[in-house]
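Trainee: Got chain A; can you put chain B on it based on the hints?
Given next are the chains, with one letter for each unit.
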Amino acid sequence: MDVLVDNFALFVGGFLGSLKIIAYSLVGALVLGALLAMMRVSPIAPLRQFGSLYVSVIRNSPLTIMLFFTAFVLPELGFNRPFFDLGVLGLSVYTAAFVCEAIRSGINAVPAGQAEAARAIGLTFGQSLGTVVMPQALRTVVPPLGSVVIAMMKNSAIVGAFGVGGDLFSVGSRLTSAQGFAALPVLTGVLLGYLAITLPTAAVLSRIEDKVAIAR
Amino acid sequence: MSAVPSVLYDAPGPRALRRARVISVVSVLVFAALLVLAGLRLNQTGQFEADRWSPLFWPGDDSFRPVWEQIRIGVTNTLLAAAMAIVFSLVLGTALTTVRLLLGRYSRLPLVLVAEVLRGAPVVVLIFFAARVLPTLGVDLSQLWYLVIGLTAYNFVVIGEILRAGVAALPRGQREAGLAVGLTSRQAVLLIQMPQAFRIMLPALISQLVVIVKDTSLAAIVLLGPLELLNVGRRIERFLDNPLQTYLLIALLYIVINSLLGLLATSLERRLSRSGSGGADVDRERTVTVANLGANATGGGAGGVGT
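Heads up: the sequence lines are chains A and B, in that order.
So for the first sequence, the numbering used here puts the first residue at 2; every next one is plus one.
So for the second sequence, the numbering used here puts the first residue at 672; every next one is plus one.
Hints are computed from structural coordinates only; laboratory data are not their basis.
Just so you know, even glycine gets a beta-carbon here, dropped at the ideal spot from N, CA and C.
Incorrect hints may have been included.
[Unchecked claim] Stretches of chain A that chain B covers, calculated by requiring three or more beta carbons in the stretch to come under 8 Å of a beta carbon on chain B:
#	stretch
1	11–21
2	70–84
3	158–164
4	186–197
[As the list claims (entries may be wrong)] Short, incomplete list of chain B residues facing chain A, as computed with Cβ under 10 Å:
#	residue
5	V696
6	S698
7	D732
8	F800
[What the hints assert, rightly or not] Ranges between beta-carbon positions, derived for each pair:
#	chain 1	residue 1	chain 2	residue 2	range
9	B	L773	A	R82	53 to 61 Å
10	B	L700	A	G114	34 to 42 Å
11	A	L36	B	P685	23 to 31 Å
12	B	R712	A	D7	45 to 53 Å
13	B	P781	A	L54	42 to 50 Å
14	A	F9	B	L861	19 to 27 Å
Excised from the complex, chain A in its bound form:
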């Protein structure tokens, strides 16, 4: 266990590095996912079809291959950015599909009568979505969206495994391979680091869930 104490600063750095990946990807995924969800419920057929194509392609292919595309194929096409950006891009684009589905399931869960009432008093699509359906959908969306967010936090390790450098997974990988420290304590530290991110998030989310839950 000495290795954990001696390299504590390194682990803290990795922890913060992981949080950085997560924060950027979260913003990207939420924005893109919300846009996609709007497309999927819109009255415009091509937008709906684009949304459902996007979701079914992304949901059926691994994040790893998405990252291969952003990391190895984009530079080949002349899109040269630091690896961190490419990793965050891949994770955001991937997670957005799941965010979209979570939001859409929330919209589906709003009773039809609510939307019908909104239409009956003459609200447009935008108004009924924005002022009647979405506020209610967001409450139902909390549990599935929460699990998407937590899955994304764990997936940040995959971005790290590509060698972003400085995130929790790369710290563990470097200490065990290059510097030859015993795997068990180092990787236990890495595991604890991820649990320190996911478990509190899960606790906070379940409190939010209790708060916003509505009786139907």
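Mentor: Okay, now just chain B, sitting in the frame of chain A:
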């Protein structure tokens, strides 16, 4: 699918129809413009050159046969690893849930703790953990096994959660009737609750299989072998020097495999809802919600939110 929009807006009148048509045309034009831009960029960087595509797609090419032989090996190993992981996960997950149901509130705590830890950890870390730590403990296995062990460590807990959600979705009367006719608690769990939980959660279990198939690709970044699909893709790409084309093909293969599994899940779901899910009158919507809630605490989940 069309049920959603029709709730959100009225059947469009002539003006709305005209507007919708205009926006449709504009959005198609925007998509087309983006495609053209992407195509130009691809052309500029020489991605359309025939020798980048023909080894993968043209049977007359010299490399075609060896490349597809490799891909066949990759698909086999991916399916093999996924099949092994799902079988082990099902066995262990069933055991986990059964034991959890039988134990008291306090004696099940250690199990709950282990489950929470495994579920809160990234799968990629668990695979890496298996590959690095097990050899130091004197367990020397092939790389494929480390992949299977890592996948199982995560997925048996998730499957346990799915089954637990299934049991929770059953009407109380099922268990009570069992106890009333003189079954012991263990018999009620094993003979009445678990079999029905399996049945109603079958679609969710198949969604989890999709997640497992996708996660086998993690071997390509944290393990030295095995030659699963993505690792094979890496080798082909290094040999042919055409990452775009190779990864496109590999991605397509994953999409085909997983779409087939998805279709299976949907058709099972339809069959189950038609046949009234065997005795117990379970509302499908409710089961899905319960499954999401149950698997929510640390991600994963019946929806297949994985890697």
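Trainee: The structure should be examined with respect to each hint, and the outcome stated for every one.
Mentor: Tested hints:
| no. | hint | verdict |
| --- | --- | --- |
| 1 | 11–21 | violated (count 0) |
| 2 | 70–84 | holds (count 6) |
| 3 | 158–164 | holds (count 4) |
| 4 | 186–197 | holds (count 5) |
| 5 | V696 | 9 Å, holds |
| 6 | S698 | 5 Å, holds |
| 7 | D732 | 21 Å, violated |
| 8 | F800 | 5 Å, holds |
| 9 | B:L773 with A:R82: 53 to 61 Å | 54 Å, holds |
| 10 | B:L700 with A:G114: 34 to 42 Å | 37 Å, holds |
| 11 | A:L36 with B:P685: 23 to 31 Å | 29 Å, holds |
| 12 | B:R712 with A:D7: 45 to 53 Å | 48 Å, holds |
| 13 | B:P781 with A:L54: 42 to 50 Å | 46 Å, holds |
| 14 | A:F9 with B:L861: 19 to 27 Å | 48 Å, violated |
Hints 1, 7, 14 from the list above are not met by this structure, while the remaining hints are.
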